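Hey, can you work out the whole structure from these sequences and the hints?
Line by line, the protein sequences give chains A and B.
Taking the numbering used here, I'd label the letters of the first sequence as residues 163 to 585.
Taking the numbering used here, I'd label the letters of the second sequence as residues 94 to 465.
In case anyone wonders, no lab produced these hints; they're calculated from the structure.
Be aware that one or more of the hints could be misleading.
Claimed, not checked - Reference listing, derived: stretches of chain A covered by chain B, where coverage requires no fewer than 3 residues with Cβ under 8 Å from a Cβ of chain B:
1) 239-247
2) 402-416
Stated by the list, open to error - Here are the computed lysine to any residue pairs in the SDA-like style, where the Cα-Cα straight-line distance is at most 25 Å:
3) A/Lys562 - B/Lys254
4) A/Lys220 - A/Val243
5) B/Lys461 - B/Ile391
6) A/Lys579 - B/Tyr128
7) A/Lys403 - A/Asp377
8) A/Lys579 - B/Gln315
9) A/Lys579 - B/Ala141
10) A/Lys562 - B/Asn264
11) A/Lys245 - B/Trp226
12) B/Lys254 - A/Gln418
13) B/Lys254 - A/Val395
14) A/Lys327 - A/Asn303
15) A/Lys579 - B/Phe161
16) A/Lys245 - B/Ile333
17) A/Lys297 - B/Ala141
18) B/Lys399 - B/Gly124
19) A/Lys245 - B/Tyr148
20) A/Lys327 - A/Asp294
21) A/Lys216 - A/Asn481
22) A/Lys297 - A/Asp380
23) A/Lys562 - B/Ile334
24) B/Lys254 - B/Asp244
25) A/Lys326 - A/Gly451
26) A/Lys216 - A/Lys562
27) A/Lys562 - A/Leu340
28) A/Lys327 - A/Arg428
29) B/Lys399 - B/Trp226
30) B/Lys399 - B/Pro384
31) A/Lys192 - A/Gln284
32) A/Lys562 - B/Phe158
33) B/Lys254 - A/Tyr407
34) A/Lys579 - B/Tyr148
35) A/Lys216 - A/Ala490
36) A/Lys396 - B/Lys254
37) A/Lys562 - B/Ile333
38) A/Lys562 - A/Gln418
39) A/Lys562 - B/Phe260
Quick caveat: nothing in here was measured; it's all calculated off a predicted structure.
In this text, a Cβ means the ideal position worked out from N, Cα and C, and glycines have one as well.
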Amino acid sequence: MNRFLAKAAVAAAAFCLMITAPAMAAAQDKLGGTLEIFSWWAGDEGPALEAMIKLYNKQHPGVSVENAAVTGGSGINARAVLKTRMLGGNPPDSFQVHAGQELIGTWVASGRMEDLTFLYKQQGWMEAFPADLIKLIGTENGIWSVPVTVHRSNVMWFVPANLKKWGIQAPADWNEFLEIAPRLQEQGVVPLALATNWTANHLWESVALASMGADRWDALWRGEIPWTDPEVVKAWELFGKVLQYTNDDATSLSWQQATDMVVDGRAAFNVMGDWAAGYMNTTLGMAPGKDFGWSASPGTGGVFMFLSDSFGLPVGAANRDNSLAWLALVGSRSGSDAFNPLKGSISPRLDTDLNLYNDYSKSAAGDWGRDRIVGSLAHGVTANEGFMSDFASVMEMYLKNRNAGQAAMACHAIAVKNGIARR
Amino acid sequence: MADLSRDRWKALITLMPSVVLIAVFVYGFIGDTIYISLTDWGRGAALALDPQINYIGFENYTELFTGFIDGRFRQDMVNAMFYSVLLLAGAIGLGLFIAVLLDRKPAGEAVLRTIFLYPMALSFIVSGTIWRWLLAPQGGVNVLPTYFGFDRLQFTWLTSKQTVLQFNWQNLLPLLLCIMAAVLVLSGFGCLRSRPRRAAWFMGCGALLGLFVAVAGSSLPQALFMEETHGFNLATTGIIIATVWQYSGYTMALYLAGLHGISQDLADAAQLDGASQFAYYRHVAIPMLRPITISAIIILSHISLKMFDLIFAMTGPDNGATGHPALLMYLTTFRANDFAKGAAIAVVLFLLAAMFIIPYLVSSYRRKRRGY
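Right, dumping it as structure tokens:
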């Protein structure tokens, strides 16, 4: 009899626990179901995304997060997959996109994004982010994405010990580089490591910025000077001179392999965005400032060419509440600080904790507050997808025939076609 | 009689679903693609739920072939031409060679056959990635000699920037007319013995056309207002090597089946007549394999028009030197959001494939009607 009572008591207690436990969890967080995060962070940027997903799971244990990452540098493959999914009426709950015209020209123009202004007001982000940034990711009809990173595009990477060995210094402008380069070649060193084709676009924007200056660069994208302007032709000519000192096998390398060339001492310099710092620091375990060094790419000191990764909310997302919770985390200080130190980017927020970041990121964050800021072409800030894709074709033409005048004319034609330049 | 019509009904009902499905999902979609290629879908809000689409006629096609900013497409077309010719020559030549060797029944023939056929089983992405590593300038094949104490090779299979056999796209019209003249003269030679009157007619037309181009070629309208040279990019060598490797095993299997089908009596008769092994293959066996060669050409040429994943894996999507129209169609449609132009490229590819396949279908249909 006693034993029966004891059993009954245990069963009753267990029953109560079964009923109340989910109720208690629900009191903390009533979100459940799934959340699909779509991105192209599958390679060396993977750990940073994982860190943020882990944080999300801590806050919302009821939600199972699906990491739908599609590989491919600069998101070529991911964007194609995203388009078929969006057109097929099966959008992910939230997707990574380059902030700026790449998002606005494609998805906002098509009316497939939700306005996030209410979230900005609710979370107090109008003050947390720089006003210039909010202007760039919004239109007069709303704000369209939540930025999580700020990257610098115009950085030149090198290994200080190697430069000392070869008896050179990081060049301050491209003329200086063109003087150093033949000496490096004599020693059997590739002066400038280059990789697959989008990195040529990346190099081009740094060279063009140096050749034209920040004011003309901005005017170009506002359609105020034509692409056939002599200054633009001059930029293409300078680009051609710089290309002479790059490796022959560029087209078969990934950007990481080009960075490896600098790390191994096969090449002296590499112009790449500051995700290269994340690669060298997080993946290769090198110490910034000691094992690898950096400077603004030649001739662009005092100018910060930026790009930003952000997340948006597509119209018709299956798990909208989970997605809003994700966006709240993405824009929060804790989310930003979990993600950026690992990826090698800096936080777009003004109140970030700089102690979490490495020496490189600290210096970049300092420049972000001080320098003139311009947008990147290769990473979607200044031009829409149509122009970017056509520009890749123009670049191919140029890499083949090295005809500066023809490239400038072709650029003008595609700028008119894609609504950037006037006729 | 009643039985017959009932059978017909049954057959009709059985076939109906597939007829409807093919009508919609193959021919309907082909028609839709052709229609889209005649519109301007791809401006501004191309991805909207209800995008604005206007009919613009053949503008997309004119731009592709003569527009200033579509040089990439023309380069890719030239690349595709070289891919096709060299893949055909390489895979058929190598396949036939291996097949003849195996036909002599060497020891372990079955094992060798499997080994040669095996590349067919690999996916293009896998074999493309392997070949990219093998042909990389800094590694793979090029470093092999260093294991034996020699210098590194300097082959740039995939990254060469050299172009040979260049021609100017401005002269498109005279070039096309020249090719037409050559085809006419050659087909004239082809039927010289069987139908001399038709041969004379063909050759006369060809000669006239050739004469016209030679005299008036420079006054023909030019396709472009400025010079644009295209040619055979040496960077495509690596891709051609990989494709030939992948498909020569397949043609070998086709030829081997054909060779095994030749009756032993013929070989014995040839031997009795004193023919050497070489003469047997040269004059007896290989001429009998003509139908196999034709089907190999049909299959390989449409494969070469569809090449996509191998190039994507080996040299990446944005590589003009090794580009291919199929790849460009994907980039134009899904990256640049220019659906109309993407559709136009697709239609051009479709017509090219039809150019190979329709004559084949017509000739096989005729052969059936004549009863052999």
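How the hints compare with the structure:
no.: 1; hint: 239-247; in the structure: holds (count 4)
no.: 2; hint: 402-416; in the structure: holds (count 5)
no.: 3; hint: A/Lys562 - B/Lys254; in the structure: holds, 7 Å
no.: 4; hint: A/Lys220 - A/Val243; in the structure: violated, 29 Å
no.: 5; hint: B/Lys461 - B/Ile391; in the structure: holds, 18 Å
no.: 6; hint: A/Lys579 - B/Tyr128; in the structure: holds, 22 Å
no.: 7; hint: A/Lys403 - A/Asp377; in the structure: holds, 23 Å
no.: 8; hint: A/Lys579 - B/Gln315; in the structure: holds, 24 Å
no.: 9; hint: A/Lys579 - B/Ala141; in the structure: holds, 19 Å
no.: 10; hint: A/Lys562 - B/Asn264; in the structure: holds, 20 Å
no.: 11; hint: A/Lys245 - B/Trp226; in the structure: violated, 31 Å
no.: 12; hint: B/Lys254 - A/Gln418; in the structure: holds, 23 Å
no.: 13; hint: B/Lys254 - A/Val395; in the structure: holds, 23 Å
no.: 14; hint: A/Lys327 - A/Asn303; in the structure: violated, 56 Å
no.: 15; hint: A/Lys579 - B/Phe161; in the structure: holds, 12 Å
no.: 16; hint: A/Lys245 - B/Ile333; in the structure: violated, 32 Å
no.: 17; hint: A/Lys297 - B/Ala141; in the structure: holds, 23 Å
no.: 18; hint: B/Lys399 - B/Gly124; in the structure: holds, 19 Å
no.: 19; hint: A/Lys245 - B/Tyr148; in the structure: holds, 24 Å
no.: 20; hint: A/Lys327 - A/Asp294; in the structure: violated, 43 Å
no.: 21; hint: A/Lys216 - A/Asn481; in the structure: holds, 18 Å
no.: 22; hint: A/Lys297 - A/Asp380; in the structure: holds, 15 Å
no.: 23; hint: A/Lys562 - B/Ile334; in the structure: holds, 22 Å
no.: 24; hint: B/Lys254 - B/Asp244; in the structure: holds, 23 Å
no.: 25; hint: A/Lys326 - A/Gly451; in the structure: holds, 14 Å
no.: 26; hint: A/Lys216 - A/Lys562; in the structure: violated, 46 Å
no.: 27; hint: A/Lys562 - A/Leu340; in the structure: holds, 21 Å
no.: 28; hint: A/Lys327 - A/Arg428; in the structure: holds, 13 Å
no.: 29; hint: B/Lys399 - B/Trp226; in the structure: holds, 23 Å
no.: 30; hint: B/Lys399 - B/Pro384; in the structure: holds, 23 Å
no.: 31; hint: A/Lys192 - A/Gln284; in the structure: holds, 19 Å
no.: 32; hint: A/Lys562 - B/Phe158; in the structure: holds, 19 Å
no.: 33; hint: B/Lys254 - A/Tyr407; in the structure: holds, 15 Å
no.: 34; hint: A/Lys579 - B/Tyr148; in the structure: holds, 17 Å
no.: 35; hint: A/Lys216 - A/Ala490; in the structure: holds, 15 Å
no.: 36; hint: A/Lys396 - B/Lys254; in the structure: holds, 23 Å
no.: 37; hint: A/Lys562 - B/Ile333; in the structure: holds, 20 Å
no.: 38; hint: A/Lys562 - A/Gln418; in the structure: holds, 24 Å
no.: 39; hint: A/Lys562 - B/Phe260; in the structure: holds, 15 Å
Checked against the numbered hints given earlier, the structure breaks hints 4, 11, 14, 16, 20 and 26 and satisfies all the rest.
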